[in-house]
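**Student:** Listed here are the chains, written in short residue letters.
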Amino acid sequence: MTSAAAMTRLERNEKLIRLALLLVAFSAVSTLVIITIFIFGEGTPVMFKYGLKKFLLSLDWFPLEKSYGLLPMILGSLFVTAGALVIGVPFGLACAIVLTEFSSKRLRRILKPIIELLAGIPSVVYGFMGVVILVPFIRDNLGGPGLSVLAASIILGIMILPTIISISIDSLEAVPRSYREGSIALGATRWQTTRMVMFPAAKSGIIASIILGMGRAIGETMAVIMIAGNAATIPRSLLDPVRTLTSNIALEMGYAAGEHREALFATGVILFIIIMVLNTIANLTSKRRPS
Amino acid sequence: MRIHIDPKAEQRFFRAFLWLLTGITVFILFFIIFYVLKRGLPVVSLGFLMKNPVEMGRAGGIFSTIVGTVALTLLAILIATPLGVGSAIYLTEYTRENWITRVIRFGSECLAGIPSIIFGLFGFILFVTKLGLGWSLLSGGLTLAFMILPTIIRTSEEAIRSVPYVYREVGFSLGSTKWQTVTRVVLPSALPGIATGVILSIGRSIGETAAVIFTAGSSLHIPTSLFSSSRTMSVHFYILAREGISMANAYGTAAVLIIAILVINVLAYTLMNRFMRKYC
Amino acid sequence: MEKAVIRAKSFSHFFGPVPALKNINLEVYQNEIFGIIGPAGSGKSTFLRALNRLNDLIPSSRPEGTLEVFGRDVYAPSTSVVELRRRLGMVFATPVPLPRSIFENITFGPRMAGEKNRGRLAELVADCLKKTALWEEVMDRLEISALKLSGGQQQRLCLARILALKPEFIMLDEPTSGLDPISTMKIEETLRKLQAEYTVILVTNNTKQAARVADRTAFFLNGELVELDRTEKIFSAPSDRRTNDYISGKFG
Chain A
1 MTSAAAMTRL ERNEKLIRLA LLLVAFSAVS TLVIITIFIF GEGTPVMFKY GLKKFLLSLD
61 WFPLEKSYGL LPMILGSLFV TAGALVIGVP FGLACAIVLT EFSSKRLRRI LKPIIELLAG
121 IPSVVYGFMG VVILVPFIRD NLGGPGLSVL AASIILGIMI LPTIISISID SLEAVPRSYR
181 EGSIALGATR WQTTRMVMFP AAKSGIIASI ILGMGRAIGE TMAVIMIAGN AATIPRSLLD
241 PVRTLTSNIA LEMGYAAGEH REALFATGVI LFIIIMVLNT IANLTSKRRP S
Chain B
1 MRIHIDPKAE QRFFRAFLWL LTGITVFILF FIIFYVLKRG LPVVSLGFLM KNPVEMGRAG
61 GIFSTIVGTV ALTLLAILIA TPLGVGSAIY LTEYTRENWI TRVIRFGSEC LAGIPSIIFG
121 LFGFILFVTK LGLGWSLLSG GLTLAFMILP TIIRTSEEAI RSVPYVYREV GFSLGSTKWQ
181 TVTRVVLPSA LPGIATGVIL SIGRSIGETA AVIFTAGSSL HIPTSLFSSS RTMSVHFYIL
241 AREGISMANA YGTAAVLIIA ILVINVLAYT LMNRFMRKYC
Chain C
1 MEKAVIRAKS FSHFFGPVPA LKNINLEVYQ NEIFGIIGPA GSGKSTFLRA LNRLNDLIPS
61 SRPEGTLEVF GRDVYAPSTS VVELRRRLGM VFATPVPLPR SIFENITFGP RMAGEKNRGR
121 LAELVADCLK KTALWEEVMD RLEISALKLS GGQQQRLCLA RILALKPEFI MLDEPTSGLD
181 PISTMKIEET LRKLQAEYTV ILVTNNTKQA ARVADRTAFF LNGELVELDR TEKIFSAPSD
241 RRTNDYISGK FG
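Residue numbers (this note's numbering), protein chains in the order written: chain A, 1 to 291; chain B, 1 to 280; chain C, 1 to 252.
So that you can see chain A by itself, here it is in the shape it has in the complex (with noise of 0.2 Å):
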């Protein structure tokens, strides 16, 4: 049926799907431009106007007046992301340890979907119940408005729990078995040989989990909104509010018109960076082996 033309008829087509299956792969690499494109091109001539420096270290934060000082917000997103990491890697690591090194493998097989099942719960609903739980309680037990860093690091630690998580598995399960036949067969007890050999051997894929987790928590918007309760200045203790990059422009957005919508656009672009910036370094760090 088909005659030997047809069939190379067939085959010159093949050189234009290859093509439109290139273009069709650039669109990832296009978007991401074209995001930089927009955020930057919005965002930039504003801090140009007032300056940079005025920008990143003012602490003025008065949009109204033409006053736009991201430094509390920096310091914010900071300080927040701190405390959600001395949350988060502690009982991440934990778990992760205790899943791959001293847990059979049917629990682990159990356990570390339900824990990546978590890690799909909507960002509304941590924040939802660090508001009816959490910061009732800091309010009653530790003073102050309950709405503080506090609150932030605790839900947003919890949050990232599941990234550092199941990435640091994927380390632990990577290193050779023959490390730890090897550490075991020269008398070393189990936790000697977490800590001596797995747990080094591990150690880019936990580090790259950790900034991942980093990422994460910087970039987290609804939860903070909620809890953390948003006040454009520098906290001066765990129980103070608090407000982040990311709040700043969720908060305002709804509202904004003219030069204040640019300068969200400007904490768009700092937070960006700093995203970017951890996102590279998470790459590089990580030892990616290709299955």
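Check before you lean on any hint, since a few could be wrong.
[As the list claims (entries may be wrong)] Restricting the straight-line Cα-Cα distance to at most 25 Å, the calculated cross-link-like pairs of lysine to any residue (SDA-like) are: (1) Lys8(B) x Leu21(B); (2) Lys38(B) x Ile110(A); (3) Lys38(B) x Pro113(A); (4) Lys53(A) x Gly41(A); (5) Lys130(B) x Glu259(A); (6) Lys130(C) x Lys166(C); (7) Lys112(A) x Ile32(B); (8) Lys203(A) x Gln192(A); (9) Lys116(C) x Thr177(B); (10) Lys178(B) x Glu104(C); (11) Lys49(A) x Thr36(A); (12) Lys178(B) x Ile17(A); (13) Lys38(B) x Gly120(A); (14) Lys38(B) x Ala119(A); (15) Lys105(A) x Leu93(A); (16) Lys131(C) x Arg192(C); (17) Lys105(A) x Arg15(B); (18) Lys8(B) x Ser178(A); (19) Lys15(A) x Ser80(C); (20) Lys130(B) x Thr36(A); (21) Lys193(C) x Gly178(C); (22) Lys178(B) x Asp73(C); (23) Lys178(B) x Ala76(C); (24) Lys178(B) x Ser61(C); (25) Lys178(B) x Ala113(C).
Hint data in this document are derived by calculation from the structure and do not stem from the laboratory.
Since the structure of chain A is already known, use the hints to place chains B and C on it.
**Tutor:** What follows is chains B and C alone, placed relative to chain A:
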């Protein structure tokens, strides 16, 4: 002076300590689910699911938000899946590792790391404003599509790569062109893996708030066209909780959200397991 | 006078700088079973894959010299590779049934070529399965997944699958290496019957199989054709000492 710690005692201590931390972690994570379900499930009834919100959500149900969520997610999947699978096919079948593939992969991974609020900004400035689509399903769908694109590319690539090479040789030796081999031999075998990625992306889209609220808006009406504004369940939940409109309905919405996401994830996992069992 | 249907004239094949085949000169006659023996890495599989240009899938692949099928150069620019691969059907070392039904496996090739008539396809399936002695065993369960068949049955299915494309050549690359003796015997029987209609090229690392089945046998070593002659001669009084050493098991 070095204090000698008996290694067995040290192990016992740390083991107990680590299990404690793990127990706390698992407890907290389960607690959240149970707490929400306990307070939310009583609110959820057939009426709740089928009626529209009344008085800004103080009463009534969440029907229009369910429609909004489904419409938005469907749109995002319809846009992202061909793009994602096509990209994966190109990366695996039509080229070998070179600078082009590295650039594409780098772009995809960077995209995966961008926080949703930035997507919200991007969607707002490009789709809502510059392209004049307004707050609409289209704006929201396009924005969500690019958010889930990296996931679909990654899972599709893995799925396609796991199809044994011999299958392709068989396809070719039976006289197929490359495209025929890809679509008739490789893709059907990779389908479960690809489907898993799509399903996981659905789960993520449902819970997405920041990107949606600035692109699809928050109208409580049932969307009638691609250009209608619409509210998703997670946006509705956020507004209810933050404005304090109705705690009961907030819990109810959250419960529906959580159950939907749990079901979707379980589906993805069983599919993935069946896929792994077939090929590993 | 035997008709030569395949001719290799000073044919070499490179993967990058490495020669997998060096200056091969041979002829394959119509309707014979042409056996190729030799140790691993001798170029036997490369030769088969050069014939149906499956080597093209490897980017560093580079042929030199001439390879002719029915007098036409395999590597000529005007050659339709797709058509070529249909005319030279190939069976691989491990049975690779597609994860579909028996019926769909066999009709895969014809459907790719555009055949849509269900009646003709059904006839084709029956025909091919009878030729490979599989019909009796599966005729009432054509819709089940091909993966449910035994290894030997799967390999016969793969054979039937290429027959559905009405090829002129059947090329087999160590087809029974993973199969039990009974399945092996069944396949060898099938090949003898198919010889009447097709020209068979059989690559095997089992010298005794070549002795049993092939009309003429070629001995490849390190990419070169060492000796080619009637099978009885190769196995009783080979001209080249290396052939003798290989057959008597001095190396392998």
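**Student:** A separate judgement is required for each hint: does it hold in the structure or not?
**Tutor:** Here is how each hint holds up against the structure:
1. Lys8(B) x Leu21(B): holds, 20 Å
2. Lys38(B) x Ile110(A): holds, 24 Å
3. Lys38(B) x Pro113(A): holds, 23 Å
4. Lys53(A) x Gly41(A): Holds - the C-alpha atoms of Gly41(A) and Lys53(A) are around 19 Å apart, at most 25 Å.
5. Lys130(B) x Glu259(A): holds, 17 Å
6. Lys130(C) x Lys166(C): Holds, because 14 Å separates the two Cα atoms, which is no more than 25 Å.
7. Lys112(A) x Ile32(B): holds, 18 Å
8. Lys203(A) x Gln192(A): holds, 16 Å
9. Lys116(C) x Thr177(B): It holds: about 18 Å lies between the C-alpha atoms, which stays within 25 Å.
10. Lys178(B) x Glu104(C): Distance ~19 Å between Lys178(B) and Glu104(C) Cα, so the pair holds.
11. Lys49(A) x Thr36(A): It holds: about 20 Å lies between the C-alpha atoms, which stays within 25 Å.
12. Lys178(B) x Ile17(A): holds, 10 Å
13. Lys38(B) x Gly120(A): Measuring from Cα to Cα gives roughly 19 Å; hence the hint holds.
14. Lys38(B) x Ala119(A): holds, 20 Å
15. Lys105(A) x Leu93(A): Between Lys105(A) and Leu93(A) the Cα gap is close to 18 Å, so the pair holds against 25 Å.
16. Lys131(C) x Arg192(C): holds, 11 Å
17. Lys105(A) x Arg15(B): holds, 17 Å
18. Lys8(B) x Ser178(A): Cα-Cα ~22 Å, so holds.
19. Lys15(A) x Ser80(C): holds, 15 Å
20. Lys130(B) x Thr36(A): holds, 15 Å
21. Lys193(C) x Gly178(C): holds, 22 Å
22. Lys178(B) x Asp73(C): Satisfied, since the Cα-Cα distance of roughly 22 Å is no more than 25 Å.
23. Lys178(B) x Ala76(C): holds, 20 Å
24. Lys178(B) x Ser61(C): holds, 17 Å
25. Lys178(B) x Ala113(C): This hinted pair holds, its Cα atoms lying about 14 Å apart.
This entry satisfies every hint, going by the numbered hints stated previously.
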